[in-house]
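Asker: Sequence:
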Amino acid sequence: MGKPKKYDIRSINFGETGHHARILVDKFVQKHGKTALSQLIRRLVVCYLMDKPEYKDWKKDLLLYERREIGKELASKLNRRRQIDDELREMSVNPDEVL
26 MGKPKKYDIR SINFGETGHH ARILVDKFVQ KHGKTALSQL IRRLVVCYLM DKPEYKDWKK
86 DLLLYERREI GKELASKLNR RRQIDDELRE MSVNPDEVL
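Once you know that position 34 of the sequence shown is 59 in the working numbering, the rest is easy, because the numbers rise by one and skip nothing.
Derived by calculation from the structure, the hints in this document are not laboratory data.
Check the hints yourself; a few may be wrong.
[What the hints assert, rightly or not] Simulated restraints, written as ranges between beta carbons of each label pair:
#1 Asp121 - Leu49: 47 to 55 Å
#2 Lys97 - Gln64: 53 to 61 Å
#3 Val70 - Ile48: 21 to 29 Å
#4 Pro78 - Asn119: 21 to 29 Å
#5 Leu89 - Lys52: 30 to 38 Å
[Unchecked claim] Below, a list of computed lysine-lysine pairs in the DSBU-like style, where the Cα atoms sit at most 35 Å apart:
#6 Lys81 - Lys59
#7 Lys102 - Lys56
#8 Lys77 - Lys52
#9 Lys56 - Lys77
#10 Lys77 - Lys97
Beta carbons are placed, not taken as given, at the ideal position from N, Cα and C, and that holds for glycine.
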């Protein structure tokens with residue numbers, strides 16, 4: 026697996042210039058940028074493929090990956106909260122009473 030190929034927005038075929046889909050995409054890119062367009066396309070593809078039984082393994086892999094990422098975020102936030110609680114205790118403040 027290499028780096029994903031970058032697509033030039035002009036290479037996406039929406040029909041002739043002035044086509045309503047091309048106009049909407051151009052406005053979306055102007056407002057949110059090309060990165061947001063790529064993320065939107067990826068999300069749409071995932072939503073489309075999730076309901077198809079032949080892609081069940083892909084859905085499982087995606088859900089496992091998402092679960093791992095959420096676990097990492099939670100662990101990081103909990104560690105930071107413990108550090109903050111320890112610092113507050115050193116300052117003679119009970120963090121449980123502050124909430």
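Asker: Each of the hints needs a verdict: does it hold here or not?
Answerer: Now the hints, each set against the structure:
| no. | hint | result |
| --- | --- | --- |
| 1 | Asp121 - Leu49: 47 to 55 Å | 51 Å, holds |
| 2 | Lys97 - Gln64: 53 to 61 Å | 20 Å, violated |
| 3 | Val70 - Ile48: 21 to 29 Å | 22 Å, holds |
| 4 | Pro78 - Asn119: 21 to 29 Å | 54 Å, violated |
| 5 | Leu89 - Lys52: 30 to 38 Å | 36 Å, holds |
| 6 | Lys81 - Lys59 | 29 Å, holds |
| 7 | Lys102 - Lys56 | 32 Å, holds |
| 8 | Lys77 - Lys52 | 31 Å, holds |
| 9 | Lys56 - Lys77 | 32 Å, holds |
| 10 | Lys77 - Lys97 | 29 Å, holds |
The structure shown violates the earlier hints numbered 2 and 4.
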